[in-house]
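For the protein sequence lines, the chains are L and F, in the order given. For the first sequence, counting from 1, position 85 maps to 84 in numbering that gives the first Met the number 0; every step adds exactly one. For the second sequence, counting from 1, position 205 maps to 204 in numbering that gives the first Met the number 0; every step adds exactly one.
Derived by calculation from the structure, the hints in this document are not laboratory data. If you're wondering where the values come from, they're calculated on a predicted model, not measured in any experiment. Ideal Cβ placement from N, Cα and C applies to all residues, glycine included. Any given hint could turn out to be false.
Unchecked claim - Here are some of the chain F residues that sit facing chain L, going by a computed Cβ distance under 7 Å: (1) V23; (2) D27; (3) G120; (4) G123; (5) I187.
As the list claims (entries may be wrong) - Covered stretches of chain L, going by a simulated chain F footprint (3 or more residues, C-beta under 8 Å): (6) 27-34; (7) 70-79; (8) 111-118; (9) 134-141.
Unchecked claim - Not the full set, but computed from the structure, chain F residues with beta-carbon under 7 Å of chain L: (10) G111; (11) T182; (12) E215.
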Amino acid sequence: MWASPEEHAAVSAFLAHEAEAIDSRDYATWLSLVDDDFTYQVPVPRTPDNPFTPHYDLRSMLIDESKWSLESQWFRRLDRDLYELSWAENPPVRFRHFVSNVRVRRTENPKLLDVRSNVMLIGTRQSDAPKFLTGERSDVISIIDNGYRLARRWVVLDQVVIDFPQLRIML
Amino acid sequence: MSEVESDGPVSVLRRTWGDEEVFVRELDRVFKHSWQFLAHDSEIPDPGDYVQRRMGRDRVIVVRSEDGVIRVFLNTCRHRGVPLCRADEGNSSHFRCSYHGWTFANTGVLRGVTYQPDVYGRDGIDKSELGLFEPAHVDTFLGMVFATWDQDAVPLREYLGDLAWYLEALMGKFDDGLEVVGTPVRNIVKANWKTEGENLSGDGYHTMVTHATAVELGLFATPKDLEKLTEVVTPRFTGRTVDCGNGHTIRVQRLPVEIEGNQYWGYPEEMWEQFDRNLSPEQQQVMSALSVCHGSVFPNMSFIENFKTNVDGPGLHARYFRITVRYPISATHCEQLWFLLQPRNADPQWRRLSAQAYLRTNGPSGMFEIDDTENFVGISEASVGEVARDKSITYLGGLKNPKTPSDVGWPGDVVDGDKTEKTLRAFHRQWAVMMDDDVVVS
Numbered sequence: 000m001w002a003s004p005e006e007h008a009a010v011s012a013f014l015a016h017e018a019e020a021i022d023s024r025d026y027a028t029w030l031s032l033v034d035d036d037f038t039y040q041v042p043v044p045r046t047p048d049n050p051f052t053p054h055y056d057l058r059s060m061l062i063d064e065s066k067w068s069l070e071s072q073w074f075r076r077l078d079r080d081l082y083e084l085s086w087a088e089n090p091p092v093r094f095r096h097f098v099s100n101v102r103v104r105r106t107e108n109p110k111l112l113d114v115r116s117n118v119m120l121i122g123t124r125q126s127d128a129p130k131f132l133t134g135e136r137s138d139v140i141s142i143i144d145n146g147y148r149l150a151r152r153w154v155v156l157d158q159v160v161i162d163f164p165q166l167r168i169m170l
Numbered sequence: 000m001s002e003v004e005s006d007g008p009v010s011v012l013r014r015t016w017g018d019e020e021v022f023v024r025e026l027d028r029v030f031k032h033s034w035q036f037l038a039h040d041s042e043i044p045d046p047g048d049y050v051q052r053r054m055g056r057d058r059v060i061v062v063r064s065e066d067g068v069i070r071v072f073l074n075t076c077r078h079r080g081v082p083l084c085r086a087d088e089g090n091s092s093h094f095r096c097s098y099h100g101w102t103f104a105n106t107g108v109l110r111g112v113t114y115q116p117d118v119y120g121r122d123g124i125d126k127s128e129l130g131l132f133e134p135a136h137v138d139t140f141l142g143m144v145f146a147t148w149d150q151d152a153v154p155l156r157e158y159l160g161d162l163a164w165y166l167e168a169l170m171g172k173f174d175d176g177l178e179v180v181g182t183p184v185r186n187i188v189k190a191n192w193k194t195e196g197e198n199l200s201g202d203g204y205h206t207m208v209t210h211a212t213a214v215e216l217g218l219f220a221t222p223k224d225l226e227k228l229t230e231v232v233t234p235r236f237t238g239r240t241v242d243c244g245n246g247h248t249i250r251v252q253r254l255p256v257e258i259e260g261n262q263y264w265g266y267p268e269e270m271w272e273q274f275d276r277n278l279s280p281e282q283q284q285v286m287s288a289l290s291v292c293h294g295s296v297f298p299n300m301s302f303i304e305n306f307k308t309n310v311d312g313p314g315l316h317a318r319y320f321r322i323t324v325r326y327p328i329s330a331t332h333c334e335q336l337w338f339l340l341q342p343r344n345a346d347p348q349w350r351r352l353s354a355q356a357y358l359r360t361n362g363p364s365g366m367f368e369i370d371d372t373e374n375f376v377g378i379s380e381a382s383v384g385e386v387a388r389d390k391s392i393t394y395l396g397g398l399k400n401p402k403t404p405s406d407v408g409w410p411g412d413v414v415d416g417d418k419t420e421k422t423l424r425a426f427h428r429q430w431a432v433m434m435d436d437d438v439v440v441s
């Protein structure tokens with residue numbers, strides 16, 4: 000069942016806020032927006048011979064992270080004391096998220112929303128021309144007293160041969 | 000076993016990594032005459048299963064035919080050249096062309112020609128002459144499928160030379176064998192196809208610089224991690240680098256510990272007994288207390304088995320095994336495929352941890368990998384200029400390392416110490432022979 004227009008607007012604003020935190024590399028804020036048992040997974044995209052099967056493979060992942068690994072590995076690398084030696088991200092690739100077609104559905108659990116959206120990520124490395132990726136997000140968003148938290152993110156990519164400055168990407 | 004005559008070139012011109020003429024010559028002289036890795040047989044277990052891969056820039060279908068034989072075909076109709084497969088993977092007993100409908104069995108035989116009497120007359124076409132194009136030889140080793148276009152190529156086992164023994168240690172230690180986990184990731188790397196292979200051939204020299212942050216984050220075993228596993232921890236990692244002949248190479252780095260018996264840390268303990276049973280004592284030595292082991296099959300395939308620590312929380316360590324292959328696209332671009340292989344029937348919880356160890360470090364999005372890639376991209380970017388292209392690269396590392404005593408029992412030309420460029424010289428020696436060009440300086 001679709002959420003109310005008010006809920007839809009509030010969830011869309013939450014997703015914009017979350018994208019802002021990532022694009023501006025404000026990881027402390029981003030981490031405050033996700034649940035402790037948050038998982039982020041991107042299955043491997045593919046072109047199967049049967050058009051009625053998914054264009055991704057549930058058996059293999061491109062990315063499989065938790066809040067713990069993001070906080071203590073992914074983002075930790077980008078702290079001021081380590082940044083200088085994080086060669087692929089120094090200078091950083093500029094990331095820009097475009098999140099659209101947000102669909103908010105209620106679930107059996109009144110505290111959880113099923114939120115799907117289209118995402119385009121543009122990445123610009125050094126002086127290179129920008130590259131882009133598109134995909135569909137399936138998020139689980141939990142409702143808390145004063146807003147929302149991201150509980151799970153699952154992103155299906157459209158590109159099979161991924162052409163992007165680097166693949167350590169928050170879609 | 001192949002003969003290793005010299006240690007190889009110490010100086011190579013930079014146009015090797017950015018010049019289109021060199022690249023075109025490579026396609027003709029290196030790729031058309033080498034055995035090339037295509038797939039693992041676990042990807043195509045049943046008759047009709049196929050995957051689409053490349054040999055050089057040619058697209059090929061790798062299929063298990065109805066008779067169970069693995070065959071390789073150029074992915075192009077014998078009639079007018081349209082690709083027969085557009086998917087990456089699938090299952091089919093026949094391949095039908097979308098243009099005029101010629102149909103081929105998955106054994107490569109032309110079975111059906113549409114409107115044959117109208118177009119060609121009753122006996123106007125000899126179907127037996129029009130089967131799909133096939134490489135000269137297709138063979139497998141430890142489940143890995145290779146093919147070559149060279150009619151005169153030596154058999155695969157002979158081609159792999161001394162590397163075969165090490166591949167047995169890596170891939171042959173499991174009772175139930177290895178299987179590829181799902182569809183391989185594919186991505187475009189803005190670098191010459193050789194750069195990553197050179198690194199994986201056995202460059203132990205770059206680790207502490209390129210991967211400084213990953214080391215800082217505890218993904219590379221520290222004395223603290225090791226003290227929880229065993230009593231005697233020594234100050235330095237040790238290792239060996241091996242020139243296996245024919246351009247194939249390997250590097251083995253051992254954890255800094257003194258241990259009794261074999262310790263296959265990173266695998267579930269219930270599996271250790273099968274490793275002891277399936278490997279010779281010398282092969283056990285390669286695999287026991289392993290930190291990392293990686294190498295390359297000439298020209299464009301590499302493998303790595305790696306022990307990674309604290310991957311999903313403190314004390315959660317695991318090994319993983321990965322194969323990568325790089326398809327040449329241009330002098331400055333390649334397409335890379337990434338295969339995670341795991342032992343069949345291993346504990347599912349361990350498999351999950353092993354997959355995370357892979358993805359978070361040396362997977363396409365892993366922190367080791369992206370820092371490596373930035374170096375590889377840079378090499379091609381800095382090699383295309385009209386001045387830089389005629390300057391040379393220096394491969395002097397490890398020339399003075401001591402030979403490993405032969406009674407250790409490791410095949411190939413082996414030296415003690417893993418911060419060498421011995422394996423890079425070995426690659427370029429083979430490359431220079433095949434290119435028959437003046438690219439190599441000395």
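So, going through the hints one by one against the coordinates:
1. Annotation: V23/F was flagged as interfacial toward chain L, and the flag is violated, the nearest CB pair being 22 Å apart, outside 7 Å.
2. Violation of the interface hint for D27/F is found here, the shortest Cβ-Cβ separation to chain L being roughly 24 Å, above the 7 Å cut-off.
3. Taken as an interface hint, G120/F does not check out: its beta carbon lies about 34 Å from the nearest beta carbon of chain L, beyond 7 Å.
4. The criterion of a C-beta within 7 Å of any C-beta in chain L is not met by G123/F, whose closest approach is roughly 33 Å, and the hint is violated.
5. This hint holds: I187/F has a C-beta 4 Å from the nearest C-beta of chain L, less than the 7 Å allowed.
6. Counting residues of the region 27-34 of chain L whose CB lies closer than 8 Å to any CB of chain F gives 0, so the stated coverage by that chain is violated, three being the minimum.
7. Here's how the region 70-79 of chain L fares: 5 of its residues keep a CB closer than 8 Å to some CB of chain F, so the rule of at least three is met and the hint holds.
8. Residues of the region 111-118 of chain L lying with their CB closer than 8 Å to a CB of chain F number 0, which falls below the three-residue condition for coverage.
9. Counting residues of the region 134-141 of chain L whose CB lies closer than 8 Å to any CB of chain F gives 0, so the stated coverage by that chain is violated, three being the minimum.
10. Annotation: interface hint on G111/F violated; nearest CB of chain L at approximately 19 Å, more than 7 Å.
11. Taken as an interface hint, T182/F checks out: its beta carbon lies about 4 Å from the nearest beta carbon of chain L, inside 7 Å.
12. The closest approach between the C-beta of E215/F and any C-beta of chain L is roughly 6 Å, which is under the 7 Å cut-off, so the hint is satisfied.
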